[in-house]
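Heads up: the sequence lines are chains L and E, in that order.
Going by the working numbering, the letters in the first sequence line up with residues 1 to 113, in that order.
Going by the working numbering, the letters in the second sequence line up with residues 1 to 112, in that order.
Calculated directly from the structure, the hints in this document are not laboratory data.
Hints should not be assumed to be uniformly reliable.
[Claimed, not checked] For lysine-lysine, the following DSS-like pairs were computed, each having C-alpha atoms within a straight-line distance of at most 30 Å: (1) E:Lys-42 <-> L:Lys-79; (2) E:Lys-68 <-> E:Lys-49; (3) L:Lys-80 <-> E:Lys-99; (4) E:Lys-69 <-> E:Lys-58; (5) E:Lys-68 <-> E:Lys-109; (6) E:Lys-99 <-> E:Lys-49; (7) E:Lys-58 <-> E:Lys-99; (8) E:Lys-58 <-> E:Lys-42; (9) E:Lys-69 <-> L:Lys-80; (10) E:Lys-109 <-> E:Lys-58; (11) L:Lys-79 <-> E:Lys-109; (12) E:Lys-49 <-> E:Lys-109.
[As the list claims (entries may be wrong)] Only some residues are given here: those of chain E computed to face chain L with a beta carbon under 7 Å: (13) His-39; (14) Gly-43; (15) Ser-84; (16) Leu-96; (17) Gly-98.
[As the list claims (entries may be wrong)] Which chain E residues stay away from chain L? Per the calculated CB distances, all over 12 Å, these: (18) Val-13; (19) Phe-63; (20) Ser-73.
Just so it is clear, CB atoms sit at the ideal spot from N, CA and C, and this is done for glycine as well.
So the chains spell out like this:
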Amino acid sequence: SQTIHQWPATLVQPVGSPLSLECTVEGTSNPNLYWYRQAAGRGLQLLFYSVGIGQISSEVPQNLSASRPQDRQFILSSKKLLLSDSGFYLCAWKGPPVRNEQFFGPGTRLTVL
Amino acid sequence: AQSVTQLDSHVSVSEGTPVLLRCNYSSSYSPSLFWYVQHPNKGLQLLLKYTSAATLVKGINGFEAEFKKSETSFHLTKPSAHMSDAAEYFCVVSDLFGKYIFGTGTRLKVLA
Numbered sequence: 001s002q003t004i005h006q007w008p009a010t011l012v013q014p015v016g017s018p019l020s021l022e023c024t025v026e027g028t029s030n031p032n033l034y035w036y037r038q039a040a041g042r043g044l045q046l047l048f049y050s051v052g053i054g055q056i057s058s059e060v061p062q063n064l065s066a067s068r069p070q071d072r073q074f075i076l077s078s079k080k081l082l083l084s085d086s087g088f089y090l091c092a093w094k095g096p097p098v099r100n101e102q103f104f105g106p107g108t109r110l111t112v113l
Numbered sequence: 001a002q003s004v005t006q007l008d009s010h011v012s013v014s015e016g017t018p019v020l021l022r023c024n025y026s027s028s029y030s031p032s033l034f035w036y037v038q039h040p041n042k043g044l045q046l047l048l049k050y051t052s053a054a055t056l057v058k059g060i061n062g063f064e065a066e067f068k069k070s071e072t073s074f075h076l077t078k079p080s081a082h083m084s085d086a087a088e089y090f091c092v093v094s095d096l097f098g099k100y101i102f103g104t105g106t107r108l109k110v111l112a
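So here's chain L without its partners, still in its complex pose:
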């Protein structure tokens, strides 16, 4: 069966510090991968998605970036965090086109102080 992992689970970082959040998927190959952010009191916002190694699409302009160095690894990064980057970050994967549901990881709670 497929599983998706995210770490860390929680993170408190000062403004201006770098960020690296990791997401890995097991039990599937060539998944579509997604990064979402859920800010307090708001819905989920798609940040990045990837259909393959090295292929990243950005949905909104911001100071975050994403990379996919391996088929089942998706990394969200920032060089300098802003207060507005605080939120709950969710990674998700999707399998073959015939199955179009996405499966979500447990999330990372990021607080920028």
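For this one, chain L is given, so just place chain E on it according to the hints.
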């Protein structure tokens, strides 16, 4: 363009009474629709999905939803609420490329 509207930001029900969470969608083609549940500080769990098969979709934990094209609705229901159902629920429509458009969520409170 596609969109989804969750009509209630908060719903309160008593334990053992029915649950109705409302969702309306807009789509220029036959949509794929989903309901997810999110417990505090957890990821999203898929409750059920509609992908142009049966219009009445049964999901996990006793939830079901009915796709009504004439009303452009996909409301989530459960006959009897349980305390463990207290959570936030998201209605989602998927575009042709598999990208999700989320509703703003409905927070369900279950009263003892």
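Hint by hint, here is what the structure shows:
no., hint, verdict
1, E:Lys-42 <-> L:Lys-79, "26 Å, holds"
2, E:Lys-68 <-> E:Lys-49, "14 Å, holds"
3, L:Lys-80 <-> E:Lys-99, "28 Å, holds"
4, E:Lys-69 <-> E:Lys-58, "17 Å, holds"
5, E:Lys-68 <-> E:Lys-109, "26 Å, holds"
6, E:Lys-99 <-> E:Lys-49, "15 Å, holds"
7, E:Lys-58 <-> E:Lys-99, "23 Å, holds"
8, E:Lys-58 <-> E:Lys-42, "23 Å, holds"
9, E:Lys-69 <-> L:Lys-80, "47 Å, violated"
10, E:Lys-109 <-> E:Lys-58, "22 Å, holds"
11, L:Lys-79 <-> E:Lys-109, "40 Å, violated"
12, E:Lys-49 <-> E:Lys-109, "23 Å, holds"
13, His-39, "11 Å, violated"
14, Gly-43, "4 Å, holds"
15, Ser-84, "18 Å, violated"
16, Leu-96, "10 Å, violated"
17, Gly-98, "5 Å, holds"
18, Val-13, "22 Å, holds"
19, Phe-63, "15 Å, holds"
20, Ser-73, "19 Å, holds"
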